[in-house]
Structures are given as C-alpha cells and as structure tokens.
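Asker: Letter by letter, the chains look like this.
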Amino acid sequence: MSNTDFILAIEDLTVSFDGFKAVDKLNLYVDKNELRVVIGPNGAGKTTVLDLICGKTKSTSGSIKFKNKELTKLAEHEIVRAGVGRKFQTPSIYENLTVYQNLEVSYPRGRSVWGSLLFKRSDDVMARVYKVAEEILLKDLLDMEAALLSHGQKQWLEIGMLLMQEPELLMLDEPVAGMSAKERDQTAELLNRICQNRSVIVIEHDMEFVKKIAHKVTVLHQGKILAEGSMDKVQADEKVIEVYLGH
Amino acid sequence: MKTLSDKLLGGKQGVLGLALLALLIMVILPLGLDIFRLNLVGKYLTYAFVALSLVLLWGNGGILSLGQGMFFGLGGYCMAMFLKLEASDPISTKIQTTPGIPDFMDWNQLTALPWFWEPFKSLPFTILAILIVPTIFAYIIGFAMFKRRVGGVYFAIITQAIALILSILIVGQQGYTGGVNGITDLKTMLGWDIRTDSAKYILYYVNALLLFGCIFLSRYILTSKFGMLLLAMRDKEERVRFSGYDVSDFKIFTFCVAAMISAIGGAMFTLQVGFMSPSFVGIVPSIEMVIFAAVGGRMSLIGAVYGTLLVNYGKTVFSETYPELWLFLMGGLFIAVVMFFPDGLAGIYQKHARKIPFLKRWVAEEKQKQTDAHASHGKVGTKLGAEA
Amino acid sequence: MFGYSMAEIGNIMVMQGFAGLSMFSVLLLMALGLAIIFGQMGVINMAHGEFMTIGAYTTVMLSKLAVAYGFVNYYFIFAIIVAFVLAFAIGYLVEFTLIRHLYKRPLDTLLATWGLSLVMQQIFRSSFGAKEVSAELPEWLLGSFQPTPDIDIPINGVFVMGLAAVVTFGVFLFMFRSQWGLRVRATVQNRVMAGAVGINTKKVDRVTFALGCGIAGVAGAAFTTIASTGPTTGTLYIVDSFMVVVFGGAASLFGTIASAFGIAQAQSILQFFMTSSMGKVATLLTIVGILMMRPEGLFASKVRK
Amino acid sequence: MSTNDRRRFMTKVGALTGALLAVSMVSGMGSAFAEDFPTAKVNTTKLAVTDKTVKVGILHSATGTMAISETGSIQAEKLAIAQINEMGGVLGRKIEIIQEDGASDWPTFAEKSKKLLENDKVAAVFGCWTSASRKAALPVFEKDNGLLFYPTFYEGLEQSKNVFYTGQEATQQILAGLDWIAKEKKAKTFYLIGSDYIWPRTSMKIARKHIEQHLGGKVVGEEYIALGDTQFGSVINKIKLKKPDVIYAAVVGGSNVAWFKQLNAAGLNSSKQTMLTISVTEDEVLGIGGENLAGFYSAMKYFQSLKNPNNEKFVADFKKMWGPKAVIGDVTQAAYLGPWLWKAAVERAGSFDVDKAVVALPGYELKTAPEGYVKVDPNHHLWSKLRIGKWRADGQADVVYESELIKPDPFPKGYQ
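Chains as they are written, first to last, in the numbering used here: chain A, 254 to 500; chain B, 3 to 390; chain C, 95 to 399; chain D, 20 to 435.
Please keep in mind that the hints were generated in silico from the structure rather than gathered at the bench. Take the hints with a grain of salt, since some may be wrong.
Here are the simulated lysine-lysine pairs, DSS-like style, with alpha carbons at most 27 Å apart [unchecked claim]:
#	chain 1	residue 1	chain 2	residue 2
1	D	Lys375	D	Lys394
2	C	Lys198	B	Lys149
3	D	Lys202	D	Lys291
4	B	Lys353	A	Lys318
5	B	Lys189	D	Lys162
6	D	Lys224	D	Lys205
7	B	Lys96	D	Lys113
8	B	Lys189	D	Lys344
9	B	Lys202	D	Lys162
10	D	Lys326	D	Lys426
11	B	Lys149	B	Lys238
12	A	Lys392	B	Lys149
13	D	Lys162	B	Lys45
14	C	Lys225	D	Lys140
15	D	Lys74	D	Lys140
16	A	Lys326	B	Lys238
17	A	Lys322	A	Lys477
18	D	Lys207	B	Lys96
19	D	Lys207	D	Lys237
20	D	Lys140	D	Lys204
21	D	Lys375	D	Lys202
22	B	Lys238	C	Lys198
23	D	Lys202	D	Lys228
24	D	Lys140	B	Lys317
25	A	Lys373	B	Lys238
26	D	Lys180	C	Lys225
27	D	Lys344	B	Lys96
28	D	Lys261	D	Lys204
29	B	Lys238	A	Lys311
30	A	Lys435	A	Lys477
A few chain D residues that don't get close to chain B, going by computed Cβ distances all over 10 Å [as the list claims (entries may be wrong)]:
#	residue
31	Pro57
32	Lys60
33	Leu246
34	Asp413
Glycine included, every Cβ here is placed at the ideal spot set by N, Cα and C.
Model the full structure from these sequences, guided by the hints.
Answerer: The following block contains the structure:
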C-alpha cells in the first residue's frame with residue numbers, strides 16, 4: 254500500500270492460535286488526533302488487536318503501518334520508540350517505586366544501558382514529571398509508594414507514564430475499569446485533553462463513558478469489524494444489536 | 003538531586019553501614035584475629051563477591067543464577083594458571099619428563115604447554131583475562147537466554163546445567179585443567195611468596211579494598227536510573243518493555259557485571275588460599291552462595307557481606323564441633339530465610355535497629371530534606387503546568 | 095566391518111538398542127514425578143532426588159526384613175507400593191508445611207526445597223549410615239534373558255522398563271481419565287475459576303504434589319535394581335530429571351516422554367562412540383543449545399496469553 | 020565423629036585394656052617414661068606437647084560423599100592410638116586426638132590442615148583419603164612443616180618431606196597383579212576402565228605401558244566414567260564387542276556398585292569374564308553385594324582374611340572396638356599403620372620435632388603390621404607385598420597369590 258495520511262493503517266491483519274483465528278483479515282484506519290473507541294463482546298479480539306499493534310503478539314499475516322512505518326517486524330521497544338504507547342487492562346505500574354519514580358522511569362531519555370547508567374535527574378526531567386503528575390491529578394502524591402494508590406489512581410498513573418513518553422498513538426485497554434463515577438468523569442476529561450495533539454485508541458465496555466469520549470467507534474466481532482462510525486450510527490446498527498443482545 | 007558521592011555512599015544510612023563494615027573488616031578483625039583466622043576471613047570475603055553479585059542479579063534484577071560458581075571458578079582458574087606457570091619453572095620441575103610445564107600435564111603425557119596456557123605467562127594478560135573471560139562467557143549465555151526471554155526458573159535450571167557441564171569438562175580434561183585435584187601448589191607471584199604471613203596480610207587488605215570497590219560499583223549501578231529500571235523489570239518486565247526499553251540488554255549487562263564481580267572474588271581466592279579446584283564450579287557451591295546473599299538480605303549489598311561472614315563462621319564453628327548438625331542447620335537456614343525472613347539480616351535491621359532513637363532521628367532528618375526538595379519543585383511544577 | 099562379523103554387529107546393535115531403552119525408562123521414571131510437580135504446578139522441587147532416596151531406602155530396609163523372614167522372592171512388588179505410600183505421605187506433609195506458602199515465589203521454593211534436600215540427606219546419613227547399601231534382589235530379577243546365545247538382555251532392565259510403562263500409563267489414566275485428573279487440570283488452567291465451581295484447589299495442590307513425590311518413591315525403589323543407595327544418591331539424579339522435563343516442554347506429559355527418549359538414545363549412542371564423560375557433556379550441551387533456541391521446550395503448545 | 024560414636028569409643032577403650040597389655044606392638048623400644056624425656060628437649064618447635072600429653076590430628080571426611088570410604092580410616096587410626104595409649108603413649112605422653120572434618124571438600128582439607136598445624140600445633144596428622152584432598156593439604160604441610168601420614172593407595176608421582184605414604188603407590192599395586200593375571204589366565208587382551216580422575220588415569224597409563232611393553236599384550240579399550248555416573252549399558256556393550264581376556268577396572272564410589280550390578284545383569288559374570296580390579300576392598304563389597312562380585316579378583320596389599328597372627332589380633336581388636344559387623348579394607352589397615360609408624364619415628368628420634376622424626380623413620384621395619392612385614396623406604400613409601408584376592412559371595416576374599424616384598428617407586432622410569 255502506498256503512503257497515507259493515516260497515523261495507523263492496519264490491513265489484512267490475521268493472527269491464529271493453533272488454527273483459531275483471533276483476528277481475521279482486519280482492516281482498521283485511525284486518523285491523526287482522533288480518539289477511536291473499539292468495542293465488542295468478550296472474545297471479539299479487541300485486546301489481541303492492541304497486542305498486535307504494540308508487538309506483544311506477532312501476526313500471522315497482514316500489515317500494520319504507523320506513520321507509514323511497518324511495525325510487524327519490529328521489537329516491542331522499537332515500536333514504543335517509534336511513538337506508540339500502550340496501557341494494559343489491569344494497571345501495570347511499579348508498585349515498589351514512588352509515583353515520582355514511576356513517572357521518571359518512563360521519561361524517554363537514557364533508554365540504553367549506558368544511557369541509564371549516566372542518566373542525570375536534571376531540571377527538565379523534573380519539570381516534566383511535575384507537569385504530567387498534575388495532569389493525572391497525582392501531584393500531591395509524588396512521594397507515595399505506588400502500591401498505596403487507589404485502583405483509579407493507579408490507572409491514571411499508568412496513563413501518566415505513557416504521557417511521559419510523548420507518544421503519537423496512545424492505546425488504552427479499559428482505562429476506567431474499577432473507577433468511581435467521579436473518577437470516570439475526570440478520566441473522560443483527561444482523555445479529551447490529551448487527544449488534542451495525539452491519536453488515542455480506547456477499548457471500553459462502559460457505553461456511557463464511550464459516548465463521552467468517542468470520535469468514532471469500531472465494533473469488533475469474532476476478529477472482524479462488524480460496524481464502524483459515530484456512536485449513534487453504531488448503536489442503531491442491526492448487526493451490532495444482534496451481537497450484543499440476541500443469542 | 004543526587005551527587006556522585008551520594009550515589010556511591012547511599013546517603014547517611016549508607017555511610018553509616020559502610021563505615022561500620024569498613025571498621026569491622028579493616029580494623030577490628032585484623033586486630034582481633036591471628037593470621038590463621040584472618041586468612042579464613044579473607045577466604046570468606048572472596049565468597050562475598052559472589053553474594054554481592056547475586057544481590058545485583060537476583061535481589062534487584064530478579065534473575066536467579068545457579069551458576070555463579072562458574073564465574074568464581076573461571077576467575078580463580080585464570081589466576082591459578084598464571085601462578086602455576088610461575089611455579090613450574092624448568093628447575094623446580096626437572097624431575098619431570100618434560101620440565102617447565104605444570105606437573106599434572108606431565109603426568110597426563112603432555113609434552114608441550116597447550117596454546118591457551120601460553121598467554122598466562124604474562125601478569126597483565128592474566129588480570130585482563132580474569133575480568134574479560136567470565137564476562138564474555140556470561141555475555142554469550144546471557145545473550146542466548148535473555149534475547150529469547152528465558153527467565154525465572156528456566157534460567158536457574160539452565161545455568162545450573164551449564165555449571166554442571168563446565169565442571170564435568172574441567173574434571174574430564176585433566177591434562178589441561180588439573181582435573182578433580184584442581185591446580186595446586188601455587189607459590190609465588192612475580193617472585194613474591196604468597197604463602198608468608200606478611201603476604202597474607204597484604205592480600206587480605208587488597209581483597210578488602212577490591213570488595214569495597216565492588217560495593218561502590220554495585221551501589222552506583224543500583225542508585226542510577228539503571229537500578230530503578232532493574233527493580234521495575236523484576237516486578238513488571240512487560241511494562242518496562244512497553245516503556246521503550248530493550249529489557250534483554252539490561253539483563254545481559256547485569257549478568258556480565260555479576261560475572262565479573264564473582265570472577266574477582268575467584269582470583270582473590272586463588273591468591274589467598276593457594277589453589278583452585280573444580281569443586282567451586284559445580285552446582286552445590288553455586289547454590290550455597292545464593293544462601294549467603296539470602297541470609298544477608300537479597301536486596302542489601304552490605305547485608306551480603308555480613309551474610310557471607312555469618313554463614314561461613316557458623317560453618318567453621320559447627321563443623322569443628324558438630325559436623326552432623328551443620329547440614330541440618332544449613333538446610334534449616336535455607337528454609338527459614340525463605341519462609342520467615344525473606345529480607346534477611348538487612349530486613350531485621352530495618353525492622354528493629356531503626357527504632358534506636360539516635361538513628362531514627364538522623365535518618366528522618368535526611369528524609370525530610372528529600373521531601374522538602376520535592377515539595378519545592380512541586381511548586382515549580384505547578385507553575386509550569388499552569389503555563390502550559 | 096572393523097574386523098567384526100555382521101552377526102556380532104547385529105547383536106551389539108540389539109543390545110545397544112536395549113541399553114538406550116533401559117536408560118529411557120530410568121530417565122522417564124525420574125522425570126515423571128517432576129513433570130507433574132513442575133509441569134502442572136510450576137513448583138521447583140529440588141528435593142525430588144531425596145524422595146527417590148526415600149523409596150530406595152524403603153526397598154533396602156524391606157529387603158533386610160525379607161531376608162530375615164524368608165520372603166525375598168515376593169517382597170519387591172510390596173516394596174514398590176510401600177515406597178509410593180511413604181513418599182506420598184511425606185510429600186503431602188511437605189506441601190502442607192512448606193510448599194503451599196511459596197506458590198507465588200517459585201525461585202524461593204527452589205531455595206527452600208534445596209534446604210529441605212540437605213536436611214533429608216543428613217537424616218538419611220544419621221539413620222542409615224554414610225555407607226552405600228544395596229537391596230537383596232529376588233532371584234527373578236537377577237541375571238539376563240538370552241533370546242540367542244550371543245544376546246543378553248538384563249532382566250532388571252526389562253523390569254524397570256515395564257514399571258516405567260505401568261507408571262506412565264497410571265499417570266495418564268489419572269490425569270486424563272479420572273475425576274481427580276480433571277480437577278488438577280482445571281486448577282492448573284484457571285485456579286480462581288476452579289475454586290468458584292467448587293473444586294478444593296488447596297487439596298488438589300496437595301495431592302498433586304504428593305503424587306509427584308510418590309512417583310519419585312517408586313522410581314527410587316526401581317533404581318535399587320541398578321545401583322546402590324546412599325544418603326546423597328538423590329543429588330546424582332536431580333539435574334538429569336530437570337533437563338528431561340524442561341527439554342520436553344514443562345506442561346506436556348507427552349513432551350516428557352519424548353524428551354526422555356531422545357536424551358536417552360542420544361546419550362547411549364554418544365557414549366558408545368565417544369568416552370563416557372564426553373558423551374554426557376555432548377548430550378547436555380546439545381540440550382542446552384536446543385533450549386536456548388527453543389526455550390519453551392520441544393512440545394509446548396502455542397497459547398494465547 | 021558423632022557424640023554417639025565417641026561414647027561408644029570411650030567404653031570400648033576400657034574393654035580393650037586387658038587384651039592390650041599383653042601386646043607390645045613396637046619392636047625394641049618398649050614403653051618410655053616421660054621423665055626421661057624432658058619436654059623442653061623433645062619439643063623445640065612449639066608443638067602441642069606437655070609433660071603428660073601430645074596432641075595429634077585426625078583429618079578425614081566424616082560428612083559428604085567421601086564419608087563412606089573414610090570412616091574406616093578414622094576407626095583404624097583411633098584404634099591404633101588407643102592401643103598406643105594403653106601401652107603408655109609416646110615418649111611417656113598420652114596421645115590426645117583433635118579430629119577435624121574435611122567434609123569431602125578439598126578446600127576444607129586445606130583449611131583444616133592449617134587449623135591443626137597453625138592453631139592446634141599438632142605433632143602429626145593422620146588423614147586425607149583422596150588424592151585431591153592430599154594435593155590441597157600438601158602445600159600447607161610443606162609450608163608449616165607438619166607431618167602427615169596418608170593411608171590410601173594412590174597414583175604416586177609424589178614425594179614430600181612432610182608426608183609418609185602408608186598405602187601402596189601405583190606400581191606396587193599394578194605391575195605384579197598384571198604379571199600374575201597374564202601368566203595365570205594367559206591373558207593377551209585387556210580392557211581398561213576407570214572413574215574419571217587422576218588416580219585411575221595414572222594407574223591405567225602405567226598398566227597400559229606394562230601390558231604393551233612387558234607382557235606383549237594388547238589394550239583393546241580404555242574408558243573413563245564420570246564420577247557418580249550409574250549408566251553402564253553402552254560401556255558394557257563396547258566390552259562385549261571387544262571381548263577382552265581381562266577387564267582391568269578402577270571404578271570408584273557409587274558408580275562402582277552400578278558397574279558390577281549391570282555387568283552381572285548383562286551376563287558378564289565371573290564365569291564368563293575375568294576381571295581384575297584395583298578399587299574394590301572389603302568396604303566397597305558391602306554396597307556392591309558379594310553375589311555381584313563373586314569370582315572377580317582384586318589386587319591389594321591387604322585383605323581382612325589374611326592368615327597371620329598379627330592380622331587375627333588386629334581384626335579381633337577392631338571388631339571389639341567398632342562392632343562385630345565392621346569390615347576392614349586395604350586402606351583401613353594402612354591407616355592403622357600411621358600412628359604406629361609415627362610412634363616409632365618419634366621414639367627413634369627421641370624428639371617430637373618434625374625435622375628429627377622425619378629423618379629417623381626411613382629404614383624402620385614394622386614387623387607387627389597386620390599385613391605382615393613392612394619397611395619404610397627413604398622415599399617415604401613402604402615396602403610391601405601385593406596380594407590377589409578372589410571374592411567370595413560372603414564378601415570376603417580368598418588370597419590366591421602373594422608377591423615378594425616390592426620396593427616402592429613413586430617415580431617409575433619408563434612408565435611416565
């Protein structure tokens with residue numbers, strides 16, 4: 254395929270586990286500065302798609318292009334360095350480190366062995382940490398050990414760690430799971446804020462939350478795209494209703 | 003912000019710990035013990051290098067190597083090869099069929115020095131080899147394993163198997179290695195008799211200084227961003243990888259550093275004890291050295307030294323009076339440390355000794371300073387945040 | 095060929111094939127218990143060799159009784175059962191007091207069980223003495239069976255082979271055809287879910303661990319026909335056992351069987367053409383080499399993580 | 020030694036008193052009185068010697084894999100020392116034992132040697148078993164000028180001022196045995212097999228040269244087994260293919276048992292195959308089982324079944340002290356000689372000083388040794404006979420051959 258303006262272009266992507274096709278000839282395009290939500294019933298392949306993009310799972314065939322750069326052959330850390338950030342379903346933070354350290358570790362400098370040995374905590378690093386901490390509402394908890402945060406705060410912290418990396422594409426797997434109603438609202442605001450200058454893909458089940466943030470919604474079913482479009486359009490789609498309600 | 007000296011010394015608490023250890027090793031023990039016992043302590047301290055390496059690798063990196071004895075042995079053998087060549091000059095070996103080669107080669111009908119022994123006639127080469135050979139060996143193993151993401155128990159089992167292979171090889175190729183006897187009867191280094199009491203004192207202090215050097219090196223690594231990443235990797239490897247780090251590179255580097263530190267210990271062992279044998283290369287010593295680190299506290303560098311000294315002191319005392327009891331004790335120690343004191347001596351210290359009022363106040367002062375620093379920067383951060 | 099007649103070479107090949115099979119059954123017996131404990135539960139039991147030693151000492155002790163009361167010809171089968179029961183019971187106890195506290199810390203289990211193995215070795219030494227002892231074998235286990243005058247098939251080898259087959263079949267039945275096996279597999283695959291549907295996962299763990307130990311006991315009993323028993327006998331077997339399990343792919347019983355077969359044949363052939371030590375080194379090196387290229391082992395299935 | 024052993028040992032010593040008074044093991048000297056030998060005169064090197072006592076060390080493995088073999092040596096040395104004390108001690112001084120555990124670990128032997136010599140200042144050490152442990156301890160003895168009595172038959176190629184070797188060196192054990200089997204069994208082809216370490220390898224080297232150069236025979240195979248290996252299927256098949264007249268074996272430890280069991284199971288029992296081994300003594304037979312060994316030959320300088328008055332008494336005393344089930348192997352007997360030779364050395368020198376004792380001992384003849392007569396050569400090894408024993412199913416051997424007295428030759432010309 255020739256170069257496109259899409260930030261992410263997935264074409265004919267397939268992955269099979271011992272014959273079972275978790276993702277089947279998938280085509281998906283994401284625009285710059287778009288916030289895309291992927292929904293679908295359990296086992297639809299949502300998480301697998303994210304795994305494929307970030308390199309955690311290797312595809313059987315097909316292509317994933319990020320800013321016209323093929324990702325399928327790259328190692329995980331190379332994909333991250335290209336500008337893709339990924340948040341996992343359950344918050345994945347360093348429980349034994351403080352909030353400050355969690356954020357600092359994620360700062361994209363000193364990523365090589367020698368770089369990290371010679372890394373200095375300079376003012377610009379600190380400034381960046383404080384800025385992100387404020388954004389994720391944790392600036393008063395910088396010295397707290399991450400294990401002591403609430404579940405919702407851990408989710409934010411992980412988002413914050415991704416923000417430290419300044420990714421151009423941010424992928425969030427169920428970011429509001431386990432959050433209170435108030436926290437959900439705060440998270441929605443946060444997401445709306447951070448997609449100003451980057452693209453975001455979110456997997457989510459909470460339809461209220463999806464409505465608040467989605468620019469466009471993609472419905473996955475059995476590894477294939479069932480429907481795509483605005484929230485209203487997707488909700489009215491017969492096939493989607495059948496998948497969610499009919500059995 | 004941390005200065006270099008802060009990083010090496012580890013803050014007030016670190017300074018205190020180091021000062022106490024230095025006092026013990028450099029002053030109290032040499033004054034309190036006769037040269038025989040001091041030489042024993044010197045020998046134990048060579049094991050402390052391995053324990054130290056395991057604190058880096060296992061405590062902080064979560065990588066359990068059951069083959070650290072290999073690196074200790076490789077370092078020791080490199081040193082022993084040099085000393086053996088010096089002890090095998092043609093005059094003192096004139097009784098042999100081929101004078102001028104080590105005695106065990108002569109017994110195994112070798113008539114010339116094997117090519118890989120030749121460079122060990124040079125001391126600079128030997129010192130280089132002590133540092134480089136184990137490191138390269140570790141690099142090869144580490145590269146093959148970590149790039150393929152072998153970790154955890156698999157890594158432990160495979161390193162154990164490699165240690166076994168190496169020890170069978172050393173025993174089997176006795177014409178080149180001295181076999182099960184090892185390389186014995188080492189006498190002088192560049193003409194300096196290493197068996198005299200004065201030499202033992204000097205070697206003891208050289209050993210102690212090297213040990214502190216390795217503690218500083220390890221501490222530097224652990225307090226740098228590298229150390230933070232190591233901890234992060236131990237707990238959430240995936241997250242580190244998806245923060246853009248090549249996890250395997252970090253593990254390989256740690257494994258190599260650990261190998262090099264162990265090798266220095268091995269070389270010092272050879273110098274102080276006067277021989278090297280394959281019984282250090284195999285599985286049993288490799289696992290025993292893990293317990294030294296575990297007793298001291300797997301996360302604590304200084305703890306590793308204390309742990310080594312304590313376990314070996316116990317071994318010497320008990321094996322002199324109740325040899326049977328010793329194995330029960332050693333076995334019990336493994337179980338107890340794992341079940342009840344996973345943080346070892348260092349953990350007990352953290353729990354109890356810190357309650358001593360004077361210490362508490364001293365350490366608290368420093369903590370407060372750190373918090374203040376963050377708070378003030380926090381304000382700056384707020385301002386910046388508002389501007390953005 | 096090399097100055098030997100075709101008949102001679104044929105005979106040697108038959109006997110050599112048998113030597114390989116015999117080593118295969120030894121490795122299989124050693125590894126089966128471990129495959130259950132390590133493969134199914136992820137627990138590294140460094141004291142596995144000592145559980146074999148329990149079985150071996152049981153057999154030796156019973157053989158002394160048998161000599162004293164004159165039932166040497168029958169005791170062996172009985173000894174195997176007692177070895178199983180004893181090792182099972184001790185395994186059950188060890189799981190209860192030690193292992194169950196450490197399921198989340200596999201590396202620590204490794205250290206704790208190593209400590210356990212030291213303690214067990216010293217118990218053996220204190221109770222049975224440091225000297226190696228041998229079991230008095232029944233008449234029918236001695237000597238060789240001769241299909242032709244030039245071929246000797248050792249009967250103890252045949253016995254170990256038969257026992258390995260029986261135990262393997264038993265494990266297969268247990269794991270794949272019994273209610274218990276279903277519970278074990280369910281627990282391995284999804285502990286929380288298994289607990290939710292009413293499986294007592296703690297009990298499953300305990301029985302699984304004890305079963306692995308019991309099989310080690312049987313293996314130990316069988317080895318008295320081949321070698322002697324001493325306090326440190328177990329340590330000779332432990333690395334080999336782990337190699338077999340890891341090489342086969344930890345979670346796969348079939349893998350364990352295949353890998354025991356492969357390693358045994360390789361080692362037995364290499365030892366025929368090279369010296370014995372170098373044969374062993376070459377085999378281990380090959381295994382480690384292959385494991386480096388295929389760390390998940392030979393027969394691990396590809397799963398969706 | 021466990022506390023249990025120690026208690027048993029103490030009671031046994033008492034029981035021995037009567038029997039021992041009748042015996043004067045050391046020739047010529049009789050017992051001495053301490054007053055005749057003032058401490059300042061007999062001890063000029065600050066050894067642990069008082070007016071009443073003298074300290075010696077026993078250094079063997081009481082734990083670990085080698086405990087199996089070394090236990091017998093510890094027992095024999097303690098028996099000899101108890102007997103000497105019963106007779107009035109050495110230069111009128113009772114011997115006190117300091118026992119250390121080498122724990123089957125070579126570096127530990129070096130460490131404990133240092134402790135015994137530098138801390139405890141013992142006058143002599145009876146100990147070490149494997150060559151590796153001796154090699155580890157040797158530099159310590161040479162540097163601290165200690166005195167070691169080493170009991171095991173070994174590979175030779177060593178001679179130290181500070182060591183007396185009471186076992187046989189390789190040529191003493193090998194050459195006469197090979198001569199006998201070549202003549203007796205008309206053997207031409209030999210298969211050499213041993214454990215993989217220095218003693219079997221050196222022994223096989225000597226055996227090969229002797230077979231090829233002096234017996235006109237042929238070595239059809241040479242094989243070394245990793246220590247502890249228990250799988251012999253392939254090796255046995257190789258032997259079957261080569262059909263040697265004689266298997267010449269030096270397999271040790273746990274492998275030894277597996278080797279004999281599997282050999283028998285594979286049909287190679289003594290009715291079909293001649294084997295001469297240099298690594299099986301009465302101690303090993305316990306583990307191997309007499310039925311697996313019956314009919315094979317061992318070459319040793321001592322067997323428990325030796326018929327002579329010295330030995331009959333020794334065996335009786337040994338069993339009295341250590342229980343009726345105790346067996347005595349070659350090394351155990353050699354270990355028993357150690358304290359007696361040391362006593363002779365000290366009394367000939369009239370001093371505990373190592374330098375004086377060491378020069379006094381060569382030339383000494385011990386006529387009361389259980390193995391018969393031995394003589395100390397200037398090269399610190401013993402003149403001794405070689406005997407071939409044919410094993411019976413009950414674990415004892417019938418001595419079928421006895422050589423002349425053989426001069427020890429630790430550095431044999433033409434065999435290196």
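Asker: Compare the structure with each hint and give your call.
Answerer: Consistency of the hints with the structure:
Taking the CA atoms of Lys375/D and Lys394/D, the gap is near 19 Å; set against the 27 Å cutoff, the hint holds. Under the criterion of a C-alpha separation no larger than 27 Å, the hint pairing Lys198/C with Lys149/B is consistent with the structure, at around 25 Å. For the hint pairing Lys202/D with Lys291/D, the CA-to-CA distance comes to about 18 Å; that is within 27 Å, so the pair holds. Among the hinted pairs, Lys353/B with Lys318/A is inconsistent with the structure: their alpha-carbon atoms are about 53 Å apart, more than 27 Å.
At roughly 10 Å between alpha-carbon atoms, Lys189/B and Lys162/D fall within 27 Å of each other, so this suggested pair holds. At most 27 Å may separate the alpha-carbon atoms for a hinted pair to count; Lys224/D and Lys205/D meet this at roughly 21 Å. Between Lys96/B and Lys113/D the CA atoms are separated by roughly 43 Å; this puts the pair beyond 27 Å, and the hint is violated. A threshold of 27 Å between alpha carbons decides the hint, and for Lys189/B with Lys344/D the separation of about 46 Å lies outside it, so the pair is violated.
Between Lys202/B and Lys162/D, the direct Cα distance comes to roughly 13 Å. Compliance with the 27 Å bound is thereby established for this hinted pair. For the proposed pair Lys326/D and Lys426/D, the alpha carbon gap of about 23 Å is at most 27 Å, so the pair holds. Restraint check: the Cα-Cα separation between Lys149/B and Lys238/B comes to about 17 Å, which is no more than 27 Å; the hinted pair holds. For the given pair, Lys392/A sits about 37 Å from Lys149/B by alpha-carbon distance, which is inconsistent with the 27 Å threshold.
Under the criterion of a C-alpha separation no larger than 27 Å, the hint pairing Lys162/D with Lys45/B is consistent with the structure, at around 18 Å. Of the supplied pair hints, the one linking Lys225/C and Lys140/D is violated, its CA atoms being roughly 32 Å apart against a limit of 27 Å. With a C-alpha separation of about 8 Å, the suggested pair Lys74/D and Lys140/D falls inside the 27 Å cut-off, and the hint holds. Taking the CA atoms of Lys326/A and Lys238/B, the gap is about 24 Å. The hint holds against a cut of 27 Å.
Of the pairs offered as hints, the one joining Lys322/A and Lys477/A holds, with about 23 Å between alpha carbons and a cut-off of 27 Å not exceeded. Distance hint between Lys207/D and Lys96/B is unfulfilled; the C-alpha atoms sit about 36 Å from each other, more than 27 Å. Proximity of Lys207/D to Lys237/D is assessed by CA-CA distance (about 6 Å); at most 27 Å being required, the pair is judged to hold. For the proposed pair Lys140/D and Lys204/D, the alpha carbon gap of about 52 Å is over 27 Å, so the pair is violated.
Of the pairs offered as hints, the one joining Lys375/D and Lys202/D is violated, with about 45 Å between alpha carbons and a cut-off of 27 Å exceeded. Restraint check for Lys238/B and Lys198/C: the C-alpha separation of about 15 Å stays at or below 27 Å, so the hint holds. For the proposed pair Lys202/D and Lys228/D, the alpha carbon gap of about 17 Å is at most 27 Å, so the pair holds. Using a Cα cut-off of 27 Å, the hinted pair Lys140/D and Lys317/B holds, with the two alpha carbons roughly 22 Å apart.
With a C-alpha separation of about 23 Å, the suggested pairing of Lys373/A with Lys238/B holds against the 27 Å cut-off. Of the supplied pair hints, the one linking Lys180/D and Lys225/C is violated, its CA atoms being roughly 34 Å apart against a limit of 27 Å. Simply put, Lys344/D and Lys96/B have alpha-carbon atoms about 49 Å apart, too far for the 27 Å limit, and the pair is violated. Restraint check for Lys261/D and Lys204/D: the C-alpha separation of about 17 Å stays at or below 27 Å, so the hint holds.
The hinted pair formed by Lys238/B and Lys311/A meets the criterion: a straight-line CA distance of about 21 Å does not exceed 27 Å. For the hint pairing Lys435/A with Lys477/A, the CA-to-CA distance comes to about 34 Å; that exceeds 27 Å, so the pair is violated. Annotated as non-interface, Pro57/D keeps its C-beta farther than 10 Å from every C-beta of chain B; the closest such distance is 28 Å. Against the 10 Å criterion, Lys60/D stays outside the reach of chain B, whose nearest CB is about 27 Å from its own CB.
Its beta-carbon lying about 7 Å from the closest one in chain B, Leu246/D breaks the requirement of being farther than 10 Å from that chain. Interface exclusion of Asp413/D from chain B stands, the closest Cβ pair being 32 Å apart, more than 10 Å.
The structure fails to meet hints 4, 7, 8, 12, 14, 18, 20, 21, 26, 27, 30 and 33 from the earlier list, while all remaining hints are met.
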